[in-house]
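Asker: Please build the complete structure, drawing on both the sequences and the hints.
Residue numbers (the working numbering), protein chains in the order written: chain C, 2 to 544; chain A, 292 to 376.
These are calculated hints, taken from the structure and not from any lab test.
Among the clues, some could well be false.
[Stated by the list, open to error] Dumping the calculated DMTMM-like pairs for lysine to aspartate or glutamate here, alpha-carbon to alpha-carbon at most 25 Å:
no. : chain 1 : residue 1 : chain 2 : residue 2
1   : A       : K315      : C       : E87
2   : A       : K347      : C       : E373
3   : C       : K10       : C       : E238
4   : A       : K318      : A       : E359
5   : A       : K373      : C       : D351
[Claimed, not checked] Reference listing, derived: stretches of chain C covered by chain A, where coverage requires no fewer than 3 residues with Cβ under 8 Å from a Cβ of chain A:
no. : segment
6   : 76-86
7   : 116-125
Using N, Cα and C, we set each Cβ at its ideal position, and we do this for glycine too.
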Amino acid sequence: MAEKFSGKKFSGKTVYSGITMGKVLILRKDPQIRRVKIADPEAEKERVYGAVDRAKQQLAALYEKAVKEVGESSAAIFEVHQMMLEDDDYLDAICHMIQTEMINAEYAVSVTGDNFAGMFAGMEDEYMQARAADVRDISVRLVRNLSGQEEVDFSAMEPSVIVADDLSPSETVQMDKKRILAFVTVHGSTNSHTAILARMMNIPALIGVPMDLSEIRTGMTAIVDGAAGEVIFEPTEFQCSEAERKIKGEQEKLRLLQELKGKRNETRDGRTIQIYANIGSVSDVGYVLENDAGGIGLFRSEFLYLGRDDFPSEEEQFQAYKQVVQTMGQKKVIIRTLDIGADKQADYFDLGKEENPALGYRAIRICLKQPEIFRTQIRALLRAAAYGNLSVMYPMVISVEEVKQIYAFVEEVEQELKQAQIPYRIPEQGIMIETPAAVMISDELAELVDFFSIGTNDLTQYTLAIDRQNQKLEDFYDPHHKAILRMIRMVVENAHKCGKWAGICGELGADLELTREFLDLGVDELSVAPPMVLKVREKVRGI
Amino acid sequence: MKEFTYVITDQEGIHARPAGELVKLAKEFTSSVCVLKEGKKADAKKVFGLMGLGVKKGMEITVQAEGEDEEAAAAALEKFLKENL
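Answerer: In structure tokens form, the structure reads like this:
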């Protein structure tokens, strides 16, 4: 097997570049289940009870770990899974099937799981439909326990290249982040949780890799080359030495970059630019400081809302924002209000299916339509602003009226806080420029707001009318399209006319081929993934 | 038998987490506890059955407790519903 596989190369879509070599760790989802006749149904039932007990212990441990790492409300799902395992109907159905059909526990669990999942999937309510996945999840766990394919013990894991069909947040949370060398998945999107994690952790990641997982084994050696968009399993000696050479080169580059810490973002002719970092959670602040970013240019607050089954409370949000601004001291922290919808979904929002989600009910539109959601967040932000250099930024704005509506709402919240004598501060308020509409009226918007931050991912998608997830369109997609650069020029000029500043927080901000152009256009700030901060600084200092 | 009705005010209805908590509470009593919605009936000690009712905001449910500690069970469940759902 290994011989035949030697040096097998697959190409995928790069989420984050970098190169690494290490042992493969496969995370498999569905073990193969066969229907087997048995002679002793009592013994088979005992096996089920044993598997249930172990599953409860595993879930209790997962819950404890998740509480520490992602907070109690995100961890609650593991508690719900434990309760599902205690459900009499579920266990009775399994035992009944073993008894009457004289079949093995694995098969009975799997069929019962499908039946219960089918019940939820058939319900009208979308939230309940999503619970079908929970039922499947506990059934898979039981089958794994029954068939001896216990879960990988991540605490004992050696540094590994994680290979999987796809990865869910509940899987990544279990891993010790220090022991992940790379992610390689068959499915997944560039905006997935895994993708964001990879960018934050500065490790190579490939998605959409057309590999057959049944041919790959845990313990194989793999080279993941993010820059080339390639993974090689069981590399040849030549491939290994090539990779080692590249890895050395990267390490040397990283070492040199470290020397740029504490240095200014200044060109040889004395022009400066702010380089901030993008983050998605409180725990990412460590990466910001480690990479010497001048501030946080984009805190994606929606990650407080994702991967859980209820809205985060005002207190929970307040604590998260406060912790970030306090940790950052005097440095600026720009928090973007909830940007959910389109490719970022949480079941409990109950947003419904849309023909065209990118042009749909999302971001500020949800907040303006459902003020009860917006109020909680604005209260938390205003309160946290009292503790540091916090700014607020609103996504997907297309009109002056929307800004006025937002300001009126903030004023309303301010009055509430004032009356309740809760400490607060009105922060600097800006908007994302991510629609052609906002670009065209940026002269009028600049009079109202304190700053602009250009979200180039959406702006490019809307301007070029190209869905970036659609691989057929790759030949048409030009991230450096003149239209985008002209728009950036227009936005920056309009901001400066009103004495306001303008930055870029989309992926384009980290595009080193454009750094010089951005400086020439007068862009005031670039907000990039933490590991890119020093790379952009290096580029600026060379201009 | 003790019985009372309650109208759900929670935005999401009886979803996974509160359903689990309700089951935990119902199991503390020896009485049998049922939840009825639009003619459908579920054992309040079974989380799948309870979630399967698909109870949403604005719906009226009837809770029935029957057994030795039915008084206490009904009172505890009513308090839980008012505080959480």
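Asker: Evaluate each hint against the coordinates.
Answerer: Verification of the supplied hints:
1. A/K315 to C/E87: The hint holds at about 10 Å.
2. A/K347 to C/E373: 18 Å, holds
3. C/K10 to C/E238: 14 Å, holds
4. A/K318 to A/E359: 14 Å, holds
5. A/K373 to C/D351: 23 Å, holds
6. 76-86: Since three or more residues must qualify, the claim that chain A covers the segment 76-86 of chain C holds, with 6 doing so at under 8 Å.
7. 116-125: holds (count 5)
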